[in-house]
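Fit chain B to the given chain A structure using the hints.
Sequence lines, in order, name chains A and B.
Okay, so the first sequence: first residue is 9 according to my numbering, each after it adds one.
Okay, so the second sequence: first residue is 9 according to my numbering, each after it adds one.
No lab work stands behind these hints: they were computed from the structure.
Since the structure is predicted, the reported quantities are computational estimates derived from the model, not experimental observations.
Treat the hints loosely; a few may be bogus.
Because identical chains cannot be distinguished in the list, a pair is counted as satisfied if it fits within a single copy or across any two copies.
Taking lysine-lysine pairs in the DSBU-like style, the calculated list, with each CA pair at most 30 Å apart, reads [to be verified]:
1. K58 x K75
2. K58 x K21
3. K65 x K343
4. K65 x K75
5. K14 x K58
6. K380 x K14
7. K58 x K397
8. K305 x K58
2 protein chains.
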Amino acid sequence: MSIEAKLADFSVKSRPSADALAMMRLSLMDWAACGIAGRDEPLAVILRDKGIAEGGKAEASVIGGGKLPAPRAALINGAISHALDYDDTHFAHIGHTSVGVIPAVLAVAERVGASFDDFLAACLIGSEGAVRVGIWLGRDHYQIGYHQTATAGAFGACLGALRLLGANETQAIAGIGLVSTKAAGLKTQFGTMGKPLNAGLAAEAGVEAALWAMAGLTSTETGLQAFGATHHGVADEVALEGLGETWRMLGVSHKFHACCHGLHAMLEALSEVSVDPSHIASVEITTHPRWITVCNKPTPQTGLEAKFSYSQTAAMALMGVDTSAIASFSDEVAKRADLVGLRGQVAVVADGSLSEMQARVRVTLIDGSVVKVAHDLASPMTLEVRAAKLQRKARGLVEDADALWNVAELADLTALLRA
Amino acid sequence: MSIEAKLADFSVKSRPSADALAMMRLSLMDWAACGIAGRDEPLAVILRDKGIAEGGKAEASVIGGGKLPAPRAALINGAISHALDYDDTHFAHIGHTSVGVIPAVLAVAERVGASFDDFLAACLIGSEGAVRVGIWLGRDHYQIGYHQTATAGAFGACLGALRLLGANETQAIAGIGLVSTKAAGLKTQFGTMGKPLNAGLAAEAGVEAALWAMAGLTSTETGLQAFGATHHGVADEVALEGLGETWRMLGVSHKFHACCHGLHAMLEALSEVSVDPSHIASVEITTHPRWITVCNKPTPQTGLEAKFSYSQTAAMALMGVDTSAIASFSDEVAKRADLVGLRGQVAVVADGSLSEMQARVRVTLIDGSVVKVAHDLASPMTLEVRAAKLQRKARGLVEDADALWNVAELADLTALLRA
Chain A
9 MSIEAKLADF
19 SVKSRPSADA
29 LAMMRLSLMD
39 WAACGIAGRD
49 EPLAVILRDK
59 GIAEGGKAEA
69 SVIGGGKLPA
79 PRAALINGAI
89 SHALDYDDTH
99 FAHIGHTSVG
109 VIPAVLAVAE
119 RVGASFDDFL
129 AACLIGSEGA
139 VRVGIWLGRD
149 HYQIGYHQTA
159 TAGAFGACLG
169 ALRLLGANET
179 QAIAGIGLVS
189 TKAAGLKTQF
199 GTMGKPLNAG
209 LAAEAGVEAA
219 LWAMAGLTST
229 ETGLQAFGAT
239 HHGVADEVAL
249 EGLGETWRML
259 GVSHKFHACC
269 HGLHAMLEAL
279 SEVSVDPSHI
289 ASVEITTHPR
299 WITVCNKPTP
309 QTGLEAKFSY
319 SQTAAMALMG
329 VDTSAIASFS
339 DEVAKRADLV
349 GLRGQVAVVA
359 DGSLSEMQAR
369 VRVTLIDGSV
379 VKVAHDLASP
389 MTLEVRAAKL
399 QRKARGLVED
409 ADALWNVAEL
419 ADLTALLRA
Chain B
9 MSIEAKLADF
19 SVKSRPSADA
29 LAMMRLSLMD
39 WAACGIAGRD
49 EPLAVILRDK
59 GIAEGGKAEA
69 SVIGGGKLPA
79 PRAALINGAI
89 SHALDYDDTH
99 FAHIGHTSVG
109 VIPAVLAVAE
119 RVGASFDDFL
129 AACLIGSEGA
139 VRVGIWLGRD
149 HYQIGYHQTA
159 TAGAFGACLG
169 ALRLLGANET
179 QAIAGIGLVS
189 TKAAGLKTQF
199 GTMGKPLNAG
209 LAAEAGVEAA
219 LWAMAGLTST
229 ETGLQAFGAT
239 HHGVADEVAL
249 EGLGETWRML
259 GVSHKFHACC
269 HGLHAMLEAL
279 SEVSVDPSHI
289 ASVEITTHPR
299 WITVCNKPTP
309 QTGLEAKFSY
319 SQTAAMALMG
329 VDTSAIASFS
339 DEVAKRADLV
349 GLRGQVAVVA
359 DGSLSEMQAR
369 VRVTLIDGSV
379 VKVAHDLASP
389 MTLEVRAAKL
399 QRKARGLVED
409 ADALWNVAEL
419 ADLTALLRA
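If we strip away everything but chain A, and leave its shape as in the complex, we get (with noise of 0.2 Å):
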């Protein structure tokens, strides 16, 4: 069976268990959050007044105001709910689900009118599909400048709305096929607004897609395949394992802090340090080498400067700054005389032992003692506690959080996106 073979199959028939949809309903109510908070960016704004301005047939829902044709949509709210970088990332696939994936899905829930349950399936069928492609392009992919979030997204968001048009095994193949042609998206644009834009790019790849695909245009069978070997594909079956039975999107991360997800590790070790600033001689944090060239300026001068900086998180962490709070990364925090001067006292070590995932943090004192922490965000945290602090995180981003919360229909969903 081809891989487009397999993953046409578990778009069509798979069963998606519950406690797989449970993790997917909280990233789908973090993606909200995030999205909600980000629909004034001056992204969201420009992608916004254009869609609007370049109208169509109000079909689904856009982040912030008006409904547009579903591709459309997709491609707007996409970019916008990676606007703030706030969003979910599943470190395996090397990216962030969310973004491409539920914009997708939502559109076409919205344009056949699905259940909400439905939609949360082919969201969880949709993510899971993305995981399995952006581990089976692997790390080459990334590392050369693709962009999995935008690559390996297009393909899970168009699996998920294979599922909600109702597609069958050939339509799917044919779908998975046109979206092979489409998908794209390059890390080079890292630091700019197309990078929140290559979100939204696989949000519309995956509509057009399968709209494309049940419409009835043909297409190549080995699409992915295709992609894989342009696209400096590791091409690692072994990513396709279980598909289906286990579920990859359990290992999805979250953020709770505003910043990038390289010092979040570093964050939740320091969340368990209470010591008097005024007490620290220096501070040392230990990461994965990767993190030193994405995350570690040691001076930063700007609010999105300090998005990346382990020394200057570090001292907002150690003296009580909210680093869950997006207003807590402005200019003015970056340039605070108390915190550069803590900052200074920030050495960070590479080592290859650690995984991504993990980080040790030592701070030793003016008397000589010695504090220690260190975290790994694969350990396990459960449902119960990854909820709680996702609606606390919400209700720091946006005022209804309660309401998102307990939402229960696609209509009031879609109602407090577009408020």
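Below, chain B without anything else, positioned relative to chain A:
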């Protein structure tokens, strides 16, 4: 100066030469004829119906009827105009330039109310940009599996769109960056509707990226460099030599036969052969090795397969079947006994010393005499001869070819396309 800066400068400032504009006008007319002739193809109906159903602001004409937002019209028209695979080819660029570029420039021209002359100049700037980027990406990019029509085409479409939108250099560089993260298209689609769709994807990507840049989306400034590095680009800077001074679009090829371009040098050579088919003992075709894998089906069973067959099209030409007529490539003609008999006498030989644009034909008659002919598609053809051949071709494709040929206003052209 970076390659992005060079292309941006070219888009913003270049002044097309008169001879290049005259050639562009011929490509434009040929493109329009192919588009109108393809308006009822299954792919055309599917995409146009979907577009009309989704609706939106009536700013750009759709081939076959209606107006839609510019990005959507660009997508649909790109695909429709490539549906018959009868549009122009640029061998150095390794693809079809007009189907990716013209639909984008046309949609933007209608959106901004451009004059016909400005529209034509932007078509040329976009096409020249596509050719240069195609050469820069090189043969490796094509051989690994990318479709230059779609990828380099998207960059060209963007450059042409930026010209009409009045972009400054900063905006043009942003547009190039944004199109680099959206440009996509795989050769594995050849033989399916995904192939003409790829041309539409190029046109859409170019329009979207240009409009996004003008609306203020920020982007990497080294987008094409990143695109080349990830997409197996050769990145040969020689490709940009003389940009703005010499026009590689003067080397564009037009199809005068309704089949794969690899067969055309042979068919032009055979047009000089006048023998009674019943006197033929054997035919030997010598061609470039690449074409052996593209268009050497020895026993085609359908009209589509006949379009990729040396033996069938050689037999058709020798038997006086009009290879310029689309209707000649029917399933019936593929099965005609006299043609099947003659094609059985045809041998095809590869010769790496020929260029891809050259072919030799040796016809041996039953009496032992031999007729030898050869043709090089690169051999000079005056604009007048080319115009006459293209106008004759257009008369076989559309009802109102002479009206099309005399178009001098954008509104007249778009009215013919919508009809």
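Structure-based check of each hint:
1. K58 x K75: Intra 13 Å, inter 17 Å, cutoff 30 Å: intra and inter.
2. K58 x K21: The answer is between: 27 Å across copies meets 30 Å, while 38 Å in one copy does not.
3. K65 x K343: neither (48 Å within a copy, 47 Å between copies)
4. K65 x K75: Answer is both: 8 Å inside a copy and 14 Å across each meet the 30 Å cutoff.
5. K14 x K58: Answer is between; shortest inter-copy Cα gap is 28 Å, intra-copy 38 Å.
6. K380 x K14: neither (47 Å within a copy, 54 Å between copies)
7. K58 x K397: Cα proximity of K58 and K397: none, with 36 Å in one copy and 43 Å across.
8. K305 x K58: So K305 and K58 fail the 30 Å test inside a copy (35 Å) and across (48 Å) alike.
Hint compliance for this structure: hints 3, 6, 7, 8 are broken, all remaining hints hold.
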